[in-house]
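**Q** Sequence:
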Amino acid sequence: MANLGFTYLFTNNMSETKKFYSEILALELIWDEEDDIAFNINNHQLSIQYHKDFKKASPLFSIQPGWKGGVAPRTSWSIAFESNEYNQVIARLQKERVKTYHSVPQWVGYWSFPVLDPMNNTIEITCSEYEING
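Numbering of the sequence shown is given in numbering that gives the first Met the number 0, commencing with residue 0 and proceeding in unit increments.
In case anyone wonders, no lab produced these hints; they're calculated from the structure.
Ideal placement from N, C-alpha and C gives every residue a C-beta, glycine not left out.
Any given hint could turn out to be false.
Stated by the list, open to error - Calculated cross-link-like contacts (lysine-lysine; reagent style DSS-like; alpha-carbon spacing at most 27 Å):
| hint | residue 1 | residue 2 |
| --- | --- | --- |
| 1 | K67 | K98 |
| 2 | K54 | K17 |
| 3 | K17 | K98 |
| 4 | K55 | K17 |
| 5 | K51 | K17 |
| 6 | K67 | K94 |
| 7 | K18 | K51 |
| 8 | K18 | K98 |
| 9 | K18 | K55 |
To be verified - Have a look at the derived ranges for each label pair, beta carbon to beta carbon:
| hint | residue 1 | residue 2 | range |
| --- | --- | --- | --- |
| 10 | V107 | D34 | 35 to 41 Å |
| 11 | A25 | S102 | 30 to 36 Å |
| 12 | V103 | H50 | 33 to 39 Å |
| 13 | E33 | V103 | 25 to 31 Å |
| 14 | R96 | M0 | 39 to 45 Å |
| 15 | S102 | W30 | 30 to 36 Å |
| 16 | I29 | L59 | 27 to 33 Å |
| 17 | R96 | I29 | 39 to 45 Å |
Model the full assembly from the supplied sequences, consistent with the hints where possible.
**A** This is the structure:
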């Protein structure tokens, strides 16, 4: 069976990006250098590197199959959280005024809360458990 090992992203604002992924989403930071950070997401490594010439995407949500909200044809992804973490992540996203598609999570067979990260990537914050414990 194949596994997705690494994803590589770029940013032109490392401090904002690091705060988003490590403090707001509370992902496990496994690599931390001045211009290069990485997070472990269930044995998948999300690596983000600073590049001065990086141009972030327009602040439009990506098209995702099964979701009628996005309009931009570009890469996006979801990050699934356990119910005991989900409400805390949503609260931090709202407190930090991260751009969201809906004001509150929507039940679509799972909890869905699309947001834009600091590079304007669409990330769907999800939880598959109907009962969410805060």
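**Q** If a hint holds in the structure, say so; if it does not, say that too.
**A** Hints, verified against the model:
Pair hint K67 plus K98 holds up; C-alpha atoms about 17 Å apart against a cutoff of 27 Å. Simply put, K54 and K17 have alpha-carbon atoms about 17 Å apart, close enough for the 27 Å limit, and the pair holds. In summary, the hint linking K17 to K98 is supported, as the alpha carbons are separated by about 17 Å, within the 27 Å threshold. Distance check on the hinted pair: K55 and K17 sit about 15 Å apart at the alpha-carbon level, within 27 Å; holds.
Our distance criterion of 27 Å between C-alpha atoms is met by K51 and K17, whose separation comes to about 16 Å. Proximity of K67 to K94 is assessed by CA-CA distance (about 26 Å); at most 27 Å being required, the pair is judged to hold. About 18 Å separates the Cα atoms of K18 and K51, which keeps this hinted pair within 27 Å; it holds. For the hint pairing K18 with K98, the CA-to-CA distance comes to about 15 Å; that is within 27 Å, so the pair holds.
For the hint pairing K18 with K55, the CA-to-CA distance comes to about 17 Å; that is within 27 Å, so the pair holds. Evaluation of the 35 to 41 Å hint for V107 and D34 yields a pass: the beta carbon distance comes to about 37 Å. Distance hint check for A25 and S102: the Cβ-Cβ separation is about 21 Å, which falls outside the suggested range of 30 to 36 Å. A hinted range of 33 to 39 Å for the beta carbons of V103 and H50 is consistent with their spacing of about 35 Å.
At about 37 Å, the beta-carbon gap between E33 and V103 misses the expected band of 25 to 31 Å. As the Cβ distance of R96 to M0 is approximately 40 Å, the hint placing it in 39 to 45 Å holds. Between S102 and W30 the beta carbon distance is about 34 Å. The supplied range of 30 to 36 Å therefore holds. Remark: the range hint 27 to 33 Å for I29 to L59 is upheld by a beta-carbon distance near 31 Å.
One distance hint, 39 to 45 Å for the beta-carbon pair R96 and I29, is violated here, with the actual separation near 28 Å.
When each numbered hint is compared with the structure, violations occur for hints 11, 13 and 17.
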